[in-house]
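Protein sequences, first through last, are from chains A and B.
This note's numbering puts the first residue of the first sequence at 1, with every later residue one more than the last.
This note's numbering puts the first residue of the second sequence at 1, with every later residue one more than the last.
Heads up, a few of these hints could be off.
[Stated by the list, open to error] Below, computed lysine-lysine pairings styled on PhoX-like, alpha-carbon distance capped at 25 Å:
1) B:K312 x A:K192
2) A:K14 x A:K54
3) B:K336 x B:K312
4) B:K138 x A:K236
5) A:K99 x B:K312
6) A:K327 x A:K345
7) B:K188 x A:K192
8) B:K278 x A:K134
9) A:K113 x B:K188
10) B:K188 x A:K133
11) B:K314 x A:K273
12) B:K239 x A:K133
13) B:K286 x A:K236
14) B:K239 x A:K236
15) B:K312 x A:K88
16) A:K134 x B:K239
17) A:K192 x B:K286
18) A:K233 x B:K222
19) B:K239 x B:K188
20) A:K233 x B:K138
21) A:K133 x B:K278
22) A:K112 x A:K358
23) A:K113 x B:K312
24) A:K256 x A:K267
25) B:K188 x A:K134
26) B:K138 x A:K219
27) A:K267 x B:K188
28) B:K56 x B:K23
29) A:K7 x A:K301
30) A:K192 x B:K314
For the record, the hints were derived by calculation from the structure and aren't laboratory data.
Remember, it's a predicted structure, so these values are computed and weren't measured experimentally.
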Amino acid sequence: MHENDLKLLEETFKKYYFDHFDLIHVPPRSAEREFGYQKFNSGMIRHLTIKNDKELHLMLMNNVPSDVYCSNAYYSFPNLPMEEKDWKEANLIFDIDAKDLNLDCRNDHICKKCRSCQEVFVNLSECPNCQSKKLDQRSLTCKNCIHAVKQEVKKLFSILIDDLGIEQNNIQVFFSGNEGFHIYALNTQYEKLGSRERADLVDYLMLRGTIPETFGFKKFKSERSSFPDFDEKGWKGRVAEYLFGSKSKRSKLITKILADGYSSFQKQLEDVKEAVGIKIDPNVTIDIHRIFRLPGSLNSKSGLTKQKCENVDTFDPFSDACFIDDKPTEVLANCPSSFELKNKKFGPFKNEKVLIPKFAAIYMICKGLATSTW
Amino acid sequence: MITLGQDELAKYPFLADAGQYLKDKGFTLEQFGSDPDLKLIVDKAVHRIEVAADGKIYKSDIVDAHAAKDASLPREVFSFLLAVVLLKLSGMNTLIKRFALAEARRAEKYLEKDLVNISERDDLAIEILRDLFYMNVKKHDENFVIPASDYLKHAVSFHEREWKLVNRRVERGLVFLTPHETVRLVRKELGNYINSKIHNATIPTMSDAFKEPVKRLNSIAKKFPTTIVSSTEYPPCIKHAIEVLEKEENLSHSGRFMLGTFLLGRGQSVEQIAPLFKNAPDYNEKVTLYQLNHLAGSSGSRTEYVCPSCEKLKRQDLCYIIPECDGIINPIQFGKKKTINA
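Chain A with its partners taken away, still in its complex shape (with noise of 0.2 Å):
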């Protein structure tokens, strides 16, 4: 990263910890939590205590990270080496993204940068001047992405309800501050949970392995009645209400369901697990010694805070997690996608000299796809 941008970065995340101490708070029994941090240029620092808000304040302005981490896992001893720190439990955490979603509007706003001649485009898959296929992406997130990763939210919201007798009061949702959203369950019966148990946790929600014999197909003897029903709890029935449609369409279904067979039927299954199951990232819910994003810390990738949501369905990160001042800062953008914060549209910027928002500005910057004039 240049000088320049690294100064303006620090500088600005500086200024937002200072502004926002009211935003950013240890987590409950911090004590017992690991945390880290990483600077801009450099790599990770964790196996950290801290105490408390007053602490953690001072970390900010002592450090200026350009990423905050605190673990989901409580240990006895979080500031020793990870086989000393003696594990006790762990908040079930999970983190939908928009990148995992397959959107088609992806295309049009990932933007690639060429890693040879640095040269930024989208929509191809080779660089237009150099023809390399070693590319860096960075994704300006759209409303699209935002909407559809919300969808996926509210499905997991109501399994971990429903289906996992999690309490909604102990379930709290968290722009990433990025590009999808972090779901913290507390409190539940799984915080004992380990890794194999976890993943067998995430199956469930992705409906990952599943077989026949559970939607009522069995290899032999298999009865029309043993094929789930609308009304039915659980992923019996959603995969009903995913296979059949609508109720009088079950009968005719079923039919060609047992005439096209067992197998066939398996690979049914496939299909329905890409339309129906929960898009979660397995590999954040299964780690139990993951340190992740602090709530209220900023988010290096693009420079907007990890916000709590109150109510997901009217949550705009675009504005309601964008808090750094509008301060007119001058930058060189090739940022060949537009996007919109706080209202505002910017870009495309084809190599051009621009003087936008800070919040603008950074956001760019953030994403490699400005630098500073200064």
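Position chain B against the provided structure of chain A, taking the given hints into account.
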């Protein structure tokens, strides 16, 4: 603390405190060696082990939880306790394992029956599941429900897909199970529990009367051979990962981890492995060597990382299963046919 009556002890003899039981009944171990009447129980104990070694379940004299004769209940317990004594004296792990498994299967049958006939007055089966295996079971109509977290803790060790949570009825944090499934869930732990009970038992002194039966057990144990067949062929997941790199395509972080740990596990050196990654779009020799050394445990935390399990690779979409993968749970086992019973 579970309190047990005589018929319950006959069903679940592993719950008895061996020394205390003999004392309560007024016997010493030595008597079993010298008293001709008690010798029959030693024979019964040997039979009990033989049946287990054959992979079968020992049929006891208990009929529908009641003794055919008054004397048969203590005999059931004695024969189990003596079997443990003989196994300890023989020191044959293979027999201990088989015996523990067979006894677990036997107890499983009784647990299932007890679960079906559960009443407010008699909930021993629920007590056993809770106190021994930390599984909170509640009756729900004809079925049983257990908290999903308890279910997951027990079911993860099963490889059959039907045990995955996604193939279960799950509502409001509870998993619905039949009595058979409920008990099946703790089979392995029941086996482990019995196994550890035997391992933790003190080795008794060898008496003349036990010499012959112990000799017999030793000859039974020798029947189980050890064979290892190896091949150097790579499993399909590893082949696929190498192909991806050869095609200059990007291999995910988890794919690289799998490949690195697999090859290290097969005895290759970091220097031998590193060139494989040369075609990766983001190849950097220094970083690759650093990461491989880290995996090998020669730098960083000194932890030697091992190849992830097939189950984990499936989840990471790195599994390309073929029939030859049958029976393995980690790619490192591919091509090694193993039958170890000793």
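Hint-by-hint comparison with the structure:
no.	hint	verdict
1	B:K312 x A:K192	holds (20 Å)
2	A:K14 x A:K54	holds (16 Å)
3	B:K336 x B:K312	holds (20 Å)
4	B:K138 x A:K236	holds (23 Å)
5	A:K99 x B:K312	holds (22 Å)
6	A:K327 x A:K345	holds (16 Å)
7	B:K188 x A:K192	holds (21 Å)
8	B:K278 x A:K134	holds (13 Å)
9	A:K113 x B:K188	violated (54 Å)
10	B:K188 x A:K133	violated (52 Å)
11	B:K314 x A:K273	holds (15 Å)
12	B:K239 x A:K133	holds (24 Å)
13	B:K286 x A:K236	violated (51 Å)
14	B:K239 x A:K236	violated (37 Å)
15	B:K312 x A:K88	holds (23 Å)
16	A:K134 x B:K239	holds (24 Å)
17	A:K192 x B:K286	violated (39 Å)
18	A:K233 x B:K222	violated (53 Å)
19	B:K239 x B:K188	violated (34 Å)
20	A:K233 x B:K138	holds (20 Å)
21	A:K133 x B:K278	holds (15 Å)
22	A:K112 x A:K358	holds (23 Å)
23	A:K113 x B:K312	violated (33 Å)
24	A:K256 x A:K267	holds (14 Å)
25	B:K188 x A:K134	violated (50 Å)
26	B:K138 x A:K219	violated (31 Å)
27	A:K267 x B:K188	violated (32 Å)
28	B:K56 x B:K23	violated (31 Å)
29	A:K7 x A:K301	holds (16 Å)
30	A:K192 x B:K314	holds (24 Å)
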